[in-house]
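> Construct the entire structure; sequences and hints are all you get.
Number of protein chains: 2
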Amino acid sequence: MKDLASLCYELVNIPSVSLDEAGIADYVESILQRAEHLSVVRIENNVVATRRDVGPIRYMVAGHLDTVPPSPGYSVGRKDDRIYGVGASDMKAGLAVMIGLALDPANTSPTRYLFYAAEEIERSQSGIFQVERQWPDALAVEAAILMEPTGVSLEAGCQGTMRARLTIAGKRAHSARPHKGINAIHRSGPFLQRIAAEDQRSVELDGCTFREALSVVRIGGGIANNVVPDQVELTINYRFAPDRKTEAAFAYLVSLFEGLMDQELGDSLVLVDSVDGALPNLSNELLDRLSRRVNAKRAKLGWTDVATFFDRGIAATNYGPGDPELAHSAGEWVAVDEIYRAFEVLSEVLAN
Amino acid sequence: MKDLASLCYELVNIPSVSLDEAGIADYVESILQRAEHLSVVRIENNVVATRRDVGPIRYMVAGHLDTVPPSPGYSVGRKDDRIYGVGASDMKAGLAVMIGLALDPANTSPTRYLFYAAEEIERSQSGIFQVERQWPDALAVEAAILMEPTGVSLEAGCQGTMRARLTIAGKRAHSARPHKGINAIHRSGPFLQRIAAEDQRSVELDGCTFREALSVVRIGGGIANNVVPDQVELTINYRFAPDRKTEAAFAYLVSLFEGLMDQELGDSLVLVDSVDGALPNLSNELLDRLSRRVNAKRAKLGWTDVATFFDRGIAATNYGPGDPELAHSAGEWVAVDEIYRAFEVLSEVLAN
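Residue numbers (this note's numbering), protein chains in the order written: chain F, 1194 to 1545; chain D, 1194 to 1545.
Think of the hints as simulated: they come from the structure by calculation, not from any bench. Any given hint might turn out to be false.
Below, in silico cross-link-like pairs of lysine-lysine (DSS-like), each with a Cα-Cα straight-line distance of 27 angstroms or less [said to hold, decoys possible]:
(1) F:K1490 - D:K1373
(2) D:K1490 - F:K1373
(3) F:K1373 - D:K1438
(4) F:K1438 - F:K1490
Listing some non-contacts, in silico: residues in chain F with all C-beta distances to chain D over 12 angstroms [to be verified]:
(5) I1207
(6) A1215
(7) I1224
(8) N1477
(9) G1506
Predicted model only: the values in this text are computed from it and were never measured. For glycine and all other residues, C-beta sits at the position ideal for the given N, C-alpha and C.
Right under this line is the structure:
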């Protein structure tokens, strides 16, 4: 097995923006097929490698092959024990660790390694569902570790995320006579102030603090430079702690705008899409071992496929090399020592 | 001379959206050329008709040939003493009155009739400037009447209009960790509330009340559904009374946002364009006569070419058939009796 830093560097050098993962899937598949102790299955651009001859498979280690689009002007590089490039942190460093674990003949843990496509885009396109459709019990394990970047801390569970569209209405008029109309943009002021002033919930679950977040991520309105606008649309992103499900989360949003909404005028709040989060669920034996070994535990504030496992009753957590704050940022990089640290920790935890 | 209602109906039947005025200019030119008491000059798609043999020209009656684009589903028609169609009120009824006045051999007032193109679009393209470039003293009169729709009231002067761009800044972050950034959309709330709460000035000039208006006419911001946005842009339209010029009007806007602007973060307020208004200026003999004859006088809240004359030291006012509230509206129409009333009033006022 080659060294993991070079492996990570090679993976970063293979572009794999979502829906364009054939090249990286070929590369991963060809490396894994060399190991006789692995059974390797290719499903579209997803690769599943399972340890042979160790009895029933109990664990899964999973990571996505795709990246967000690269930022212009940033290239791949290696310098001062760092590897630079889009996907370095999210999550090709994690993929290198997974390949290292899978190829290690000394690692006899009953584990399946899932390399999947299209995680960074609209959820219904995710490779995890392609695998499940063709191999219904591929995910049927006791516990899963998602190798999302966590800075080799344990980031437990994940928050739900919801998108809602708030339409604020008005009445058109010529801007020389605005008193004949109702300016929808002016009306949006109190809505924005209420959102900005809202004290977000912090929820403690299994010793992890989930800090909710409510952000207006888009706003748009206006017809012409001399017309009082009759509509503004706001897109709200609400990240909600896993003690709430979509229904309760949306009910909270509705209650937030009480007294401001004028349905007769045409105001509306519509749920566009939502996906529930996942509870930390660290009572599982493997995750408990990982939690005690890592010794730094916090809540995952973003949404990850931990929720997909949670949905299926499978304990799962996020753990991997790479700073989560650098994910999707222009100058993304990963520290080489985190790659080796994650490999060492997981080798130990899976072995026990 | 044919009847003015039929003439208006024919004019409404000739499409003349801005920059497509050749057809209507041909039509107007050919009618006016039949009158031997007129000297008719064509300059691009503008037509200038001047009364011959009455000594120095003292007055101008002016109207634009173009219209805004028609609203889909509305057609030209005549019913119950109304003429329907885009431009009926703004301002083909006025053009019919102008043609009636110009063709009337009994009307010996020293008057020039200006039919000009491209008034409804960006000001630098206006036909009034094309005429002036080729015939520098074409506008050199004592007083001018703009036949914009005023419902046969006198609408004196006009307000200035300014467009300013307010940029509200923030700092990008992942929407799962908004506390790492600054949400520019959230920051726009207090700006909008200050604009909405502002008590607009009402200024009395020459017995006319100019009611100022401040409207946000466009808003836009946002990067992606999972990113805290770092910028919002607002377009503000400020209609200011003619006792203020652009500089003072913009200074007022700047002062309005005092204490909210954070220039270090990247907030800015930029003047995009502005055109001053015009004082009522009713001391001129012709306009005073019109004012006393009409007996219903108010301020023009929109901007019209009255300001272009005012700029050149020429007294000017708005007076014409057609409801100004119907201008640019989908079901635009004009009452036939207003056409005849305007013709009667102006015949009398110009004759005296």
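> For every hint, state whether the structure bears it out.
Hint-by-hint comparison with the structure:
no.	hint	result
1	F:K1490 - D:K1373	holds (20 angstroms)
2	D:K1490 - F:K1373	holds (20 angstroms)
3	F:K1373 - D:K1438	holds (25 angstroms)
4	F:K1438 - F:K1490	holds (23 angstroms)
5	I1207	holds (25 angstroms)
6	A1215	holds (26 angstroms)
7	I1224	holds (32 angstroms)
8	N1477	holds (24 angstroms)
9	G1506	holds (25 angstroms)
When held up to the earlier numbered hints, the structure conflicts with none and fits them all.
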